[in-house]
Amino acid sequence: MNITYIILIPIIPFIVFLLLGIFNQKIKPAVSGYVGVFGLLASAMLSFYAAYQYFFVNGKVDGVYQTFTEKTVWMHFTDTLHIDMGILVDPISVMMLVVVSVVSLMVHIYSRGYMKGDEGYTKFFAFLGLFTFSMYGLVLATNLFQIYIFWELVGVSSYLLIGYYYTKTSAIAAAKKAFIVTRFADFGFLIGIMIIGFYTGTFDFETLNNPEGSAILNWAATSFMGLSVITWALLFIFIGGAGKSAMFPLHIWLPDAMEGPTPVSALIHAATMVVAGVFLVARLFPMFYFVEDGFALNIVAYVGAFSALFAAVIAITQTDIKRVLAFSTMSQLGYMMLGLGVSGYEGHEGVGYMASMFHLFTHAMFKALLFLGAGSVIHAVHSNYLKDMGSLRKYMPITNITFLIAALAIAGVPPLAGFWSKDEILVAAFEHNKLIYYVGVFVAGLTAFYMFRLYFGIFWGKDRTYDHKPKESPLSMTFPLLVLAVLSVVGGLIPFSEFVTADKVGFEAHLNYPLAAIATTVGIIGIGLAWIFYKKENNLSDRYAKAFGPLYKWASDKFYFDEIYMFITKKILFKRVSAPIAKFDRKVVDGTMNGIGNKTVLISQKIKGVQSGKVQDYAFVFVAGVVVIALVFIYLWSN
Amino acid sequence: MDILSLFIIVPVVTILFLVFAKSLKQARMVAMVGSLVQLGMAINLVFAYLKERTVNDSIMVFTKDVVWFEPFNIHYNIGVDGISVALLLLTAIVVLAGVFISWKMYDLPKEFFISLIVLSIGVYGFFISIDLFTMFVFFEIAVIPMYLLIGIWGSGPREYSAMKLTLMLMGASAILLVGILGIYFNSDVDGGALTFNILEIAQVNIPVEVQKLFFPLTFIGFAVIGALFPFHTWSPDGHASAPTAVSMLHAGVLMKLGGYGVFRVAMYLLPEGAVDWSWIFIILSVVGVIYGAFSAIKQTDLKYINAYSSVSHLGLVLFALLMLNKTAWNGAILQSLSHGFMTALFFALIGMIYERTHTRDITRLGGLLKVIPFISVIYVIAGLASLGLPGFSGFVAEMNIFVGAFQQEDMFMRVATVLSISVIVITAVYILRVVGIMLMGPVKNESYLKLEKVTWYEKFGILLLLIPIVGIGVAPLWLSDMILESLDPFIKGLL
Amino acid sequence: MIEGITIYEILTVTTILFFIGVYGFLTRKNLISMLISVELILNASVVNFVVINKYLYPDMLQGVFFSIFIIAVAAAETALAVSIIINLYRQISSVEVKDTEVMKH
Amino acid sequence: MDFSSFLLMRHEIILLAVILLLVVAEVSISSNKKSSVVHLAIFLFGIHTIAGFFKPDYGSLFGGMFHTNALIHFFKNVLNIGVLILLLQSADWIEEKIIQQQRGTEFFMLLFSSLLGMYFMISAGDFLMFYLGLELSMLPVAALAAYETTKRISSESGIKLILSAALASGVTLFGVSMLYATSGSIYFADIVEAISSDNLTILGFVLFFAGLGFKISLVPFHLWTADVYEGAPISIASYLSVISKGAAVFILMILLFTVLKPLMFIWENMVYILAVITMFIGNLFALRQQNMKRFLAFSSIAQAGFILLGLIPGNALGTATVVYFVLIYVFSNLAAFGVVQAISLHTGKEQMKDYEGLYRTNPNLSLVMMLALFSLAGIPPVAGFFGKFFLFTAAASKGYYLLVFLAVVNVTISLYYYLLVVRAMFLRQSETAIPYFKSKIYMKLGLLITALGILVLGLYSPLYDFIHELSNSIF
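Protein chains in written order, with our numbering: chain P, 112 to 750; chain X, 846 to 1340; chain F, 195 to 299; chain H, 43 to 517.
Just chain P, with the same shape it has in the complex (with noise of 0.2 Å):
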């Protein structure tokens, strides 16, 4: 199958992004903001066209989906090693590609209403361009250094985006925390691949993916404290994963995060950048999955299963609904992970493979609908908190429907999309690990009941009035939450057991009746709560808070997290280790080395003295020279 075009679809966004950047200055707002989505919908085009000729015309040979890539050598290493630029196209990277353009264009669009009379609008969609750019080159990615290439890239991207605002003190604190905490990831990231390029001899992954490679065969081959070395590899570069999907511990960045302007959160901090981590786990699934038996495999699932949960608890506290999305964001990433984590790898037992696959597609359609929606909110009420809002369904009608559509769609309530892809999730957890899928089951009531906090605070609630009136968002914000809420409706409807399997094989997915029930019951349970202690304005919240005492405080404090860290960078690394640092070399090095300056000129003040002026010193100095030096000749040296 010819991929060659679809090189275009990361392109056009990177021209878009040239273009909108040099020019900044140059280019009228109106007309970079339809540069920008006009770039994007050609991307989006291309990208749906490749996805039908992959998953329905050609991608298909006798019942297995291909692996196609094009690449070409950007840079050596040695003789073995080195650096491919290249795309490779399967299920995931394709699936992910109509993820990133749909998602990505809705909030194009989305933004030109939002960002109007911002006077960054132009760098604005300049910057989206460069993320969008940056992502499908991540998806795209042929090998582990291309991929931490264009990791890398998304970094920097949501950087910039975070600190969009950068005259609030808030916004540069966030930015620089996100780019720090990930980069930390990327340091262990960096160190797997740095194994595996060592141990393997490549970072292909078609090589390494392959389940009879060397790569995976030979995993034994060395050890390091009684793991595998590549089983140290995939860890470190799970690591990088969690770091980016903010999993448990260096999830704080993604609260924080929420300083961006709203499409901004909408886009990369829920639906396409944070799930680069699972892509990424996603990606070299094989070789979790085959290299000692699965243990990073394990690690994965547990991680991914306490992140859900610890922020599924948070998220019940908090009262800025940004930050509420965010934590729902990162405990459905943790969904995710365990979803890969309990996952096999043949047909019907890779249904976890395909379920978190699936969790992605569903959860970045609902998710960036919550978020725009979300945006819509603030945008006509100007506050994030929900302090400031209530019974604005009267206001916002159409925020208010695609908003409860998509709360539906995440607390897994039949036929929404939520529903299908949580519960083979649960089916996979079922099957794989019980604890898992309590936790699991669990996490769907919390889901649920903090969604419906949040829907009802902002929708129903208190009945107040406003200062001024908030109204509809415009068309061109609308327009994007209808065809999300549309996908979020009818997403789970795609037979994507079909489509997207560990070992490429589609299999026949099956609706387990059981265990759907349950988690149906879970979420119901947990928004008929919500329902009673929300939907009317009531003390009861309040009061239970009361009860839960120090617990509450706790979650709302986000377990004290922020404050460990900050611990750790302000008080550990810069008063107890830069400052001392930089006083010892200006105090030590540096005056060691002035110091021997110093004492020369001091000697050569002592010895002044021998220059008496007096030549009759002198003469005795001349005569006991001779004396000596005979003596010493005559006595010491001559044999």
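Just so you know, the hints here were simulated from the structure itself, not pulled from any lab data. Computed from a predicted model, the values in this text were never measured in an experiment. Glycine included, each C-beta is placed from N, C-alpha and C at the ideal position. One or more of the hints may lead you astray.
What the hints assert, rightly or not - Some chain H residues near chain X, calculated using beta-carbon distances under 7 Å:
1. 443
2. 446
3. 454
4. 457
5. 458
6. 469
Once you've looked at the hints, dock chains X, F and H against the given chain P.
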């Protein structure tokens, strides 16, 4: 006249013209034309080299060998390989940029440009020499003008910094001299004549104990100018006091002499010594890498930040050289180049900011993105480049270094490698700190609201440096391959 | 040749003479007397030359000639020294050593 | 022996003739245009210098008391060039200060006779000739040191010089007498045969060495140097530091390498130790000197220490490097002293802080000074670097890497104080800077020659090759 000697002659001619320059206008005109010609020659040399390489596979091409001091068998012996070609190009670009940046050098312009060009002569000569003696001569020629440049046109405690810098570097070169003499007098152990010719000495197998004796002298002698911990302290003060163009040339080019010399002389001529001593110097360089980065975090003076980041980056160069394999060495050279461009760019920008705001204290600056967008944006880009973002030269270099270092099996090397990789995080911290405090945030000082926009010559200087950074970062293949093939003989000398 | 006196005794004398000269040079307060001490030193070597010539190598007269030249030169030296001292005396009307310590360190 | 063989003494004869002509001039020129004496002297000496370059023939006279060879001849030319430059530089001073006192001619006569003494010293074939040369070269200088009869410090320096010199020559003689005692001859040729390493010989040698060490001002025989330089007229200071030191080094080298070769195992170590001490002491004292003359005095002591490195190998290589260095040193030091001379002549200022901001007022002088200092410090591409580098090479050729290391440490120290002067001239700016002045033609010429010398001598390698040939020819 052969293509290489021109690199000495053209600057000399430029100086002769400069002597008769009457005013700033004339002086900078002459200097600009001169350095433009040099840049032209450098670019031409690259293509000439690539062409020559296809037909000529000797280690050095365009060689020219004239007997100088016959009794000592000292020759004026020059030639280039891919490495020197790359570094020559770097030099030419930075010099030209430096001339543009010092467009408004009102105080003694003529003398300023003369010293600047004398410095460049030293650097060019150093990069093209094959003869140890010639190399050493050019080395000192390159160092001494710094005294005047910093002392006369500097700021702050310029006399102190200038003196310190000169003495430390000259002291180092003095140690180096002993090393060179040691090599020279052992260059006849195989029965040949005493010689200073690097290529010939490389063929001689110098006794191991001799190598052990002279490697540290040679290494330290060069490494001090490469800001080896703990001999780096001249660089922060020197940079802080130096005028913009000088900081650019110094950090951008002069400090590269260190790595290059270590590689060409210490490593190539005393391989066993290198293997024997590497552990201690690896420790020092890794310490330098981490240490420089950490001290950069706490600085508030822009130039100090940059100086310490140079210590950290060049620590990586030495570290890579000590890893003794092709990939790492390739990384070292690339790092030298990319750091050259980046740090020159940084100093240029710092100079511009200082010129406008009259302070280099980041705590007193703020929100510059609003008032001088162009400079600020470039600063951000330079910052991203220096924290090793893909798409910029820094990434290419660092990845080569890390991958190369990772080829070393044993635990000690692994630990050192991981430690040095960890610098990518710390670098991010101090770079983003500066960006956050200085460029972003609200405008701290009302008077900054009407700062002079960037001028054409400043733009020119900036772009001159930015283009190669991006160029190497986006398409490193031709450059890294050119260097790689030049590395082969050195590797063979090592194994 | 002097009967009953060996070269050692004479050389001992000259050596003593030499060191007396040195001692005088180091201790005298007066420039003139320092000059005199110098003469002692020179004379010590003069005697040395003569004696060595006579006792050890009597067949040639190198030593003797040498000593004559030394005497001549010594005279010139003294003359010059004295003239300089006089010149100093003109300015500071003193020939004390301690007055010649303006330049030091 | 036929008359023509006296032509071996061509240098000496011509110089003597010059001196006599000056005597004639003194009596014949009327007192109101005595200044023409200066031009005459310079002219005559110029002729003498040029005459020196004609191909001479070599051999020995007076049964070996006097001998000459290519190297000695060349070295005499070096001395001539040095003195010529010196004359050019001090011409203005003589005209303005000395001529009025009707003492111009004597100055030249004394100076030339001192030079004559050096000729004899370096062509000496036996200790007698050597001793005469030594004295003849020293005594007139003492007179010249005290030449500024109106200045107290001038007389003081004269006294210090003459007394120390007397003591030194006394010690030397005593040593010589011992050498005579052990070897039975005062002829170098015979001594080489007879010399043995018994204690008396060593003692004699040490005493003798002290005498020369005094002239070269090696530590610990150096203490007179600074005071004498400071007090004496600048021309004389520079004469002492350049010409007489050079000559002494040369003859010391010849004696060590030929006559005293058998004692090499002794003097090798001795030179080693003295070199180290001398370099360190000289540099450490130079660090804090404020008076330019004292400053240069100590710097010249340190330089003497460096020169000793060239004596270590005791072979043609050493000879070549030493002669080459001395030649370069002549130019460098004369340039420095010349600038000091010029400034002190026009302003009477000799302190380092008076030089602050000099570049902005008198750029050319400052540039010459900077060249000179860089050359003394040994910084390429000026000549001094090559001189020093070769000296180090000579030392290293015998494997004395530690010595070389100590030497380069000293190079760094010395660089510090040389840079102090550069700092004063270039980095500093001051209201009280010496105002611009124009020097006379002689001074200009003198400085120009030295500057060119500093720039060219190093890079122009045939010169060194030539010297190398000469040194090989005599071993």
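Checked hints:
1. 443: This hint holds: residue 443(H) lies near chain X, its Cβ roughly 6 Å from the closest one there, short of 7 Å.
2. 446: This hint holds: residue 446(H) lies near chain X, its Cβ roughly 5 Å from the closest one there, short of 7 Å.
3. 454: holds (4 Å)
4. 457: At about 5 Å, which falls below the 7 Å cut-off, the nearest Cβ of chain X leaves the hint on residue 457(H) intact, so it holds.
5. 458: Holds, about 6 Å.
6. 469: With a closest approach of 4 Å, the residue 469(H) hint holds.
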